[in-house]
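Student: Sequence:
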Amino acid sequence: MPVLEFHIDVAVPAASLWGAIERERELMPKYAPEWFSSIEYHEGEGNKPGSVYTVHFGEELKDHCGNVTDSVKFKLIAFDAEKRTVVIEALEGGYFHQYPSIHRWTHTYTVVEVDDSHSRLQFITDNDGTNEEHLKAALAQVQEAMQAWIKVYLCHVEEESK
Numbered sequence: 033m034p035v036l037e038f039h040i041d042v043a044v045p046a047a048s049l050w051g052a053i054e055r056e057r058e059l060m061p062k063y064a065p066e067w068f069s070s071i072e073y074h075e076g077e078g079n080k081p082g083s084v085y086t087v088h089f090g091e092e093l094k095d096h097c098g099n100v101t102d103s104v105k106f107k108l109i110a111f112d113a114e115k116r117t118v119v120i121e122a123l124e125g126g127y128f129h130q131y132p133s134i135h136r137w138t139h140t141y142t143v144v145e146v147d148d149s150h151s152r153l154q155f156i157t158d159n160d161g162t163n164e165e166h167l168k169a170a171l172a173q174v175q176e177a178m179q180a181w182i183k184v185y186l187c188h189v190e191e192e193s194k
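Residue 33 is where the sequence shown starts when you use the numbering used here, and the numbers rise one by one after that.
The set of hints was computed from the structure by calculation and includes no laboratory data.
There may be inaccurate statements among the hints.
What the hints assert, rightly or not - Once the Cα atoms are required to be at most 30 angstroms apart in a straight line, the calculated DSSO-like pairs of lysine-lysine come out as: (1) K62 <-> K107; (2) K105 <-> K62; (3) K183 <-> K62; (4) K115 <-> K80.
Note that the structure is a prediction, hence the values are computed from the model and not measured.
Modelling step: build the complete structure from the supplied sequences, incorporating the hints.
Tutor: Put into structure tokens, the structure is as follows:
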């Protein structure tokens with residue numbers, strides 16, 4: 033089971049970045065509709081472990097994925113505000129349609145305080161992919177999506193500071 037990691041450094045305090053992550057399902061369609069057009073809950077709500085929701089892709093993300101899929105369904109496995117960590121598992125859509133060698137994909141992301149005005153979004157994916165080319169392509173897409181999420185977070189943080 034390959035584990036892939038990367039991080040994104042962000043010029044905002046960790047508490048601000050985490051505050052946006054706590055509201056990400058609300059904020060993603062608001063600030064980055066070209067990537068995330070809407071979020072639909074099937075079970076649970078908000079940041080409750082066990083919640084199941086679908087992220088519907090915006091036009092830019094659909095184009096980026098070659099229009100192979102227009103959404104991904106996730107289950108929220110863990111949400112730990114104290115450790116600033118979220119664990120989600122992809123259930124269907126997304127990578128599974130694009131890369132048939134991948135059948136299980138879990139994201140763990142953690143906000144790490146670097147200093148008073150900087151933080152790091154640490155991202156780990158655990159999956160069962162067997163095709164290295166598929167894994168690299170899927171990870172590249174995840175990195176791009178996380179950059180779009182950072183845009184969401186920064187827009188929210190900027191708006192909140194006004």
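Student: Each hint needs a verdict: does it hold in this structure or not?
Tutor: Structure-based check of all given hints:
1. K62 <-> K107: It holds: about 21 angstroms lies between the C-alpha atoms, which stays within 30 angstroms.
2. K105 <-> K62: holds (19 angstroms)
3. K183 <-> K62: Cα-Cα ~11 angstroms, so holds.
4. K115 <-> K80: Judged against 30 angstroms, a Cα distance of about 15 angstroms means the pair holds.
Checked against the numbered hints above, the structure violates none of them.
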